[in-house]
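Assemble chain B onto chain A, guided by the hints.
Each chain, written out:
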Amino acid sequence: MLQPLWHLDRREMFRHLGLGLMGSTCASWLPALAEQVAADPRRKRHCILLWMSGGPTQTDTFDMKPGHNNGGEFKEVATRTPGLRFSEHLPTLAEHAERMAVIRSLTTKEGDHERGTYLVRTGQPPMGAVAYPSIACSLAKALGATAESALPNYVSVAPTQQISPAAFGPGFLGASYSPALVGGAGAAPGVLPGVVSPKFAALKLDDLELPSGVGEAQAMRRMKLWNAMEQRFLDDHSAASFIAHNALYRKAADMMRPEVRAAFDLSQEEDSVREKYGPGMFGQGCLLARRLVERGVPFVEVSLGAGLGWDTHADNFKLVKKLSEELDAGWGTLMTELSERRLLDDTTIVWMGEFGRTPVINAMGGRDHFPNAWSCVLAGGGIKGGQAYGRTSDDGMKVEEKPVAIGDVLATLCAALGVPPDAENLAMGERPIKIAEGTPIADLLA
Amino acid sequence: MGWLITAHRARSCRKHLLAALLLGMAIACHAPALADTSEPLATGADVNRSEAEPRHAAMSRRVDELLAQGQAAAGVTPSSLADDAEFLRRASLDLKGVVPRTSEVREFLADQHPTKRADLIDRLLASSGHPTHMATTWRNRILPAGADPSRQREAAALQKWLRTRFARNLRYDNLVGSLLLTNGGDELGPALYYQSHDVAPEKVAASAAELFLGVKLQCAQCHDHPFANWSQREFWGLAAFFARTKSPGNAPGMMQASYKLVDVDRGEVKLPESEEIVPPKYPRGDELSAEDSASRRSQLVLWLTSRDNRYFSRAAVNWAWSHLFGKGLVATLDELDDSAEMTTNEQILDELAEHFVASKFDLQQLWRTLANTQAYQRSSRFAGDQRQPPELFAAMLPKPLTPEQLYDSFMRLAPPSETTNAWNRAGASNMAAMLDEDPNRIEFVRRMRPPPGEPTEYRAGTLQALMLMNGQTTSRVTAPQESRLLGAIDAPYFSDVERVDALFLATLSRLPSAEERALFVDAISAAESEADRRQALSDSFWALLNSTEFAFNH
Numbered sequence: 001m002l003q004p005l006w007h008l009d010r011r012e013m014f015r016h017l018g019l020g021l022m023g024s025t026c027a028s029w030l031p032a033l034a035e036q037v038a039a040d041p042r043r044k045r046h047c048i049l050l051w052m053s054g055g056p057t058q059t060d061t062f063d064m065k066p067g068h069n070n071g072g073e074f075k076e077v078a079t080r081t082p083g084l085r086f087s088e089h090l091p092t093l094a095e096h097a098e099r100m101a102v103i104r105s106l107t108t109k110e111g112d113h114e115r116g117t118y119l120v121r122t123g124q125p126p127m128g129a130v131a132y133p134s135i136a137c138s139l140a141k142a143l144g145a146t147a148e149s150a151l152p153n154y155v156s157v158a159p160t161q162q163i164s165p166a167a168f169g170p171g172f173l174g175a176s177y178s179p180a181l182v183g184g185a186g187a188a189p190g191v192l193p194g195v196v197s198p199k200f201a202a203l204k205l206d207d208l209e210l211p212s213g214v215g216e217a218q219a220m221r222r223m224k225l226w227n228a229m230e231q232r233f234l235d236d237h238s239a240a241s242f243i244a245h246n247a248l249y250r251k252a253a254d255m256m257r258p259e260v261r262a263a264f265d266l267s268q269e270e271d272s273v274r275e276k277y278g279p280g281m282f283g284q285g286c287l288l289a290r291r292l293v294e295r296g297v298p299f300v301e302v303s304l305g306a307g308l309g310w311d312t313h314a315d316n317f318k319l320v321k322k323l324s325e326e327l328d329a330g331w332g333t334l335m336t337e338l339s340e341r342r343l344l345d346d347t348t349i350v351w352m353g354e355f356g357r358t359p360v361i362n363a364m365g366g367r368d369h370f371p372n373a374w375s376c377v378l379a380g381g382g383i384k385g386g387q388a389y390g391r392t393s394d395d396g397m398k399v400e401e402k403p404v405a406i407g408d409v410l411a412t413l414c415a416a417l418g419v420p421p422d423a424e425n426l427a428m429g430e431r432p433i434k435i436a437e438g439t440p441i442a443d444l445l446a
Numbered sequence: 001m002g003w004l005i006t007a008h009r010a011r012s013c014r015k016h017l018l019a020a021l022l023l024g025m026a027i028a029c030h031a032p033a034l035a036d037t038s039e040p041l042a043t044g045a046d047v048n049r050s051e052a053e054p055r056h057a058a059m060s061r062r063v064d065e066l067l068a069q070g071q072a073a074a075g076v077t078p079s080s081l082a083d084d085a086e087f088l089r090r091a092s093l094d095l096k097g098v099v100p101r102t103s104e105v106r107e108f109l110a111d112q113h114p115t116k117r118a119d120l121i122d123r124l125l126a127s128s129g130h131p132t133h134m135a136t137t138w139r140n141r142i143l144p145a146g147a148d149p150s151r152q153r154e155a156a157a158l159q160k161w162l163r164t165r166f167a168r169n170l171r172y173d174n175l176v177g178s179l180l181l182t183n184g185g186d187e188l189g190p191a192l193y194y195q196s197h198d199v200a201p202e203k204v205a206a207s208a209a210e211l212f213l214g215v216k217l218q219c220a221q222c223h224d225h226p227f228a229n230w231s232q233r234e235f236w237g238l239a240a241f242f243a244r245t246k247s248p249g250n251a252p253g254m255m256q257a258s259y260k261l262v263d264v265d266r267g268e269v270k271l272p273e274s275e276e277i278v279p280p281k282y283p284r285g286d287e288l289s290a291e292d293s294a295s296r297r298s299q300l301v302l303w304l305t306s307r308d309n310r311y312f313s314r315a316a317v318n319w320a321w322s323h324l325f326g327k328g329l330v331a332t333l334d335e336l337d338d339s340a341e342m343t344t345n346e347q348i349l350d351e352l353a354e355h356f357v358a359s360k361f362d363l364q365q366l367w368r369t370l371a372n373t374q375a376y377q378r379s380s381r382f383a384g385d386q387r388q389p390p391e392l393f394a395a396m397l398p399k400p401l402t403p404e405q406l407y408d409s410f411m412r413l414a415p416p417s418e419t420t421n422a423w424n425r426a427g428a429s430n431m432a433a434m435l436d437e438d439p440n441r442i443e444f445v446r447r448m449r450p451p452p453g454e455p456t457e458y459r460a461g462t463l464q465a466l467m468l469m470n471g472q473t474t475s476r477v478t479a480p481q482e483s484r485l486l487g488a489i490d491a492p493y494f495s496d497v498e499r500v501d502a503l504f505l506a507t508l509s510r511l512p513s514a515e516e517r518a519l520f521v522d523a524i525s526a527a528e529s530e531a532d533r534r535q536a537l538s539d540s541f542w543a544l545l546n547s548t549e550f551a552f553n554h
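Which chain is which? The protein sequence lines are A and B, in order.
Numbered per the UniProt record's numbering, the first sequence finishes at 446, counting up by one with no gaps.
Numbered per the UniProt record's numbering, the second sequence finishes at 554, counting up by one with no gaps.
Keep in mind the hints are simulated off the structure, nothing from the lab.
Since this is a predicted model, take the numbers as computed values, not measurements.
Keep in mind that a hint or two might mislead.
Calculated cross-link-like contacts (lysine-lysine; reagent style DSBU-like; alpha-carbon spacing at most 30 Å) [claimed, not checked]: (1) A/Lys434 with B/Lys327; (2) B/Lys270 with A/Lys251; (3) B/Lys270 with A/Lys109.
Bound conformation, chain B alone:
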């Protein structure tokens, strides 16, 4: 538990932190963090090995222990553990972005091995779907909500760039560093982060503060933070680090094939409605001592991604937690106060953050740690009528599937569409084809995208419901003559019971209850002709795909 002690000591010695920080900067100047903008797979120290260290299991237990203390103090009994089917579906959606295949469900249910859930987590993290899902999640996370659809091509490039990095489990600090230090040009993708924030220092700063420090500083742009101790000056001090990053020769709104970013030696920010220049200053830290040859933003990145920057690691952990649990351990780090006594959740965050740093910012290990907790395995059903405070994490919070999860899960069940084939054949002249984005998926996601907000909220409208009931995506998946799944289970050697079971496994990733089975078998066996039966299968399929159960990760 040595690292825990370090954490406590660090909290009490802020002055020492600064010294460590400066030292860290000196060392990090030569670290691969700054060099890692190249595409080829690196094999050096920046790539984490996914070894199953005993430490992460201990950390998972520690999280459960702390949560149990909080629950006990609040007099709340946690929900029982989710059953295997529920857990498989949950972990697949969270870590891979898609519902499990029928065969995976059957195998998992049959598996008698005591460590099968931990093994599943390892399998999912090693799957090719994991980096894809992480890239999608990150792309949605770092670009402004409702980002301009005309930048689809750049967004696809960003997705690809991110995916490459998640696939090799690049250290989190290096990932953030290489995103923020991109120069664009031939490196397609990450420059979109700057571009979609107009390369405006205050916009990039507000976004970076929220993403990587967990601090919502937008309101400090115009005035001091109303609730927490963040001054307007502090915000502009951060923005000043981005004041010298420019995109030459790009008229606003014009997109070139290669969007370049350069660091120049002039450019300042001023306090709004004043002529006062604000020098670069690390949030809650010192002013940049002297301008040296390193660009301002690279100096910021050194500070930001330092292992001693506890905002950085805590923000990462809090986000990862909310990805799995639907809600962060804390709402924001705005009010982080080291002198006050920590709440249970702050304590958990703190220890997880230290663990994350000690693991050399190993994201996969972080996922493994969180997903192996008992808390992550809790059922979303709660005991009794009492709805417990969600921040106790005594029951799993259901999350609506994202548009991407919904589409990809549909497509598991769909035939290869003609449109998709045509688009694949279109050749290199087609930009979408070059970047492997299915135009139907883009359109589906555009029409289904909810407003940004909590992952647990369901905020679709009737148009989205109509689209799922009557739209072409659903029709294609459920059409009796086209559906791959319906074709397969229509084979004469299947009984109606087997057909119903297959439909449930494919959609809800579980077997039907006896009552449900009877209901659906009745509907199917009432058919008088083969065509009728196919239609009844299609209707059953439709009902399951449109069910509330299917629409959620619960």
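Bound-form chain A, shown alone:
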């Protein structure tokens, strides 16, 4: 018989509805979960992907060419790690260099935004018959196996998905492994990215809030009717798929509990903290990433460069200076705070875009697409920081030492997170496909 739920407060009610939902009890109902539970229940790991939409310039960030014509306007400065030097516009990150490994010899073959994005995010050449999942979905699935959080396994802040939608999705893993989108860009036609409030960018998780016009009391009435219907139906229908559906709804209702939703409420942070991260979507997204990692979310992605912000074909230095400042505030503060909270050892951070940019500066003071020799950065947990791996020529035009393929980067990331890169998922029900097909780079692993 149904409890008189309307006497309870919302929080209690949701707890009531979600009772017995998490943990092993639901494993037997959901085959996918059961499979995950079998995975190694070691310490929790997290991954934060900082996605640089448009293709960031390596020459003005992490692989500078001072003294060469291609070098451009920015100065190179020392970091905490002797010999490892960054752009002058990344001062906070320079403080964390000993936790960062810069890969300077990345080589890929796609110089188009759509195709490059697909290649880098899935590790697979675009346009094949198999719809590959993005590495983010695969890792969230693998890392989420032991997550007991009511929160989603993969939260993505303001991604520019339109450029290459398949590169952001779960592919053959299915929509249940999609990211939970914050900010709403790309979520639905006509929805704008998070509106910037006077002081800070406002972040909001899609569909987590009640629809407009529906109050808490009303939501409670709805759940009460729903629960009554469900109990009656499940009393004499016992197919496993029915139970899975019911369990999933209760888990979703669980996510709507105020204390769970509070993870997304950045107003709970001091203004001084919010300011340190930077007021934009990226900075606030990095702050959100910290809050989510604290609460056990295994994978968070934050995008910088709404649209194709890093696509600096013209006016490169003005644009990159601004982007670098945003990057340094958000990422730098994130490194600081994760480190202070002793979370950095369990959190691996990746900085990358779809390709690099030409070392040669074009007539418009810009840099163009350049997949031949570019950089990405791995930082934090599992990574041997304080190093630059690989080397490009003095003009930056080619890789001279230790060329790295994208598959190797993804495999290294997996290894740093304690996920075997050759762990397989089944495509189309039967074809085993590895999470990452490259080889982990031992020198980069702690």
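Same frame as chain A, now just chain B:
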């Protein structure tokens, strides 16, 4: 039962099969199968007349008889028959892709005619929703899972192409033939099948083998099939038939308005990591004797769609069965072995396949045959606690609604949305408008799409649940001020009981039980103002739309 005897004889005489095959090829060269790539409605022999032949009723009975034997042997008592409401909802979703309208439910429940279920099946097959649903189902089936969303326009063209063919009940062999023999160009749609497989011989072959032969050969691409007797060479022999089909002038990934496919006179496949060319060879059959003027793929199609190719007809029947029953009669045809004794399900498949061939590959008749079985009418509730082995088909297996079924069923209850109107008004410059695809539907489907797999598995995640609870599609359907249904039942001359009944009929396609009625009437009559009442109606509606019962075809 003459056709049954033929079936047995065919099984025992493989050598004769080959002769028949070659003869079939010679005849089929002039058959409309190859010519049917034109758009206008054909009136010739390639279009099936949907006459109710006594044969299909006999076949339905025969299926039930065989199933009963299997169930008896396993000591399983089949479930009782589903009630009328349950059956109406099931058949509507399976054959038309959408829940029935309230009026249809009321009429069907009131109908006293003894053949009302058979009549319903005929009505559904004749409805305009049937070819649309078949086209959607096929499009999802033949394109790789999670196909690139940027090819939405081509996918819509393919949908339209398929729908035209299902609408006139084109013979199944001709349908498959015209899909595989498309040259693209002005014929928008079917070329996407090749394109989404990169026009790569091995990818097209793997897909075609699974779809049209019921054989999962993907793993034979790299090595011999681990479980069944399919060699790597056999796989590449099949792939060789697609080695000479090319798409000229299309850079990979570039989509032209007219994607062309041509058959050229060179192009071979090699065994992986070797230089050895594999000649075209029919699976489990002969090598292509000599290259003649007909393209390789047209020769494959002749063999493939021949009435003597039992893989072809069995694969079709097994798929149709799984569409209705949530699970195929057999998991795959990989291990088809004519010398071994057949299981009951293999026997059923075999007889249905012969029936399908004898009906001249009449898909509608196949649906009619399957849907008129007692097995299709069984309740999904099983007797006792014992869960029976699903392959006995003693109880109906519940299937989660597909994203398309869910959206279309929602939209039955929704007001015409502003977005949709705006999109309809956008004019011919808008490609989506040209191809009649609702962008909200595309987005909904994209976010709800489960991974490929068994139709009975439920594999959504919390994000999908949140979207259905709080998302804009649900909100639009249930908003008190916008919902067409809520507006209608709010009229003062309705009692609360009538309102609750209407909500149940619209969503669950059934009347509430006395207890359910009391529960919902209580919720509604507790309202103190008109606005409150409208809100209570909206809440009731929301609870029903989000219920497990609504989410499944059971």
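A quick look at each hint next to the structure:
no.: 1; hint: A/Lys434 with B/Lys327; in the structure: 28 Å, holds
no.: 2; hint: B/Lys270 with A/Lys251; in the structure: 51 Å, violated
no.: 3; hint: B/Lys270 with A/Lys109; in the structure: 26 Å, holds
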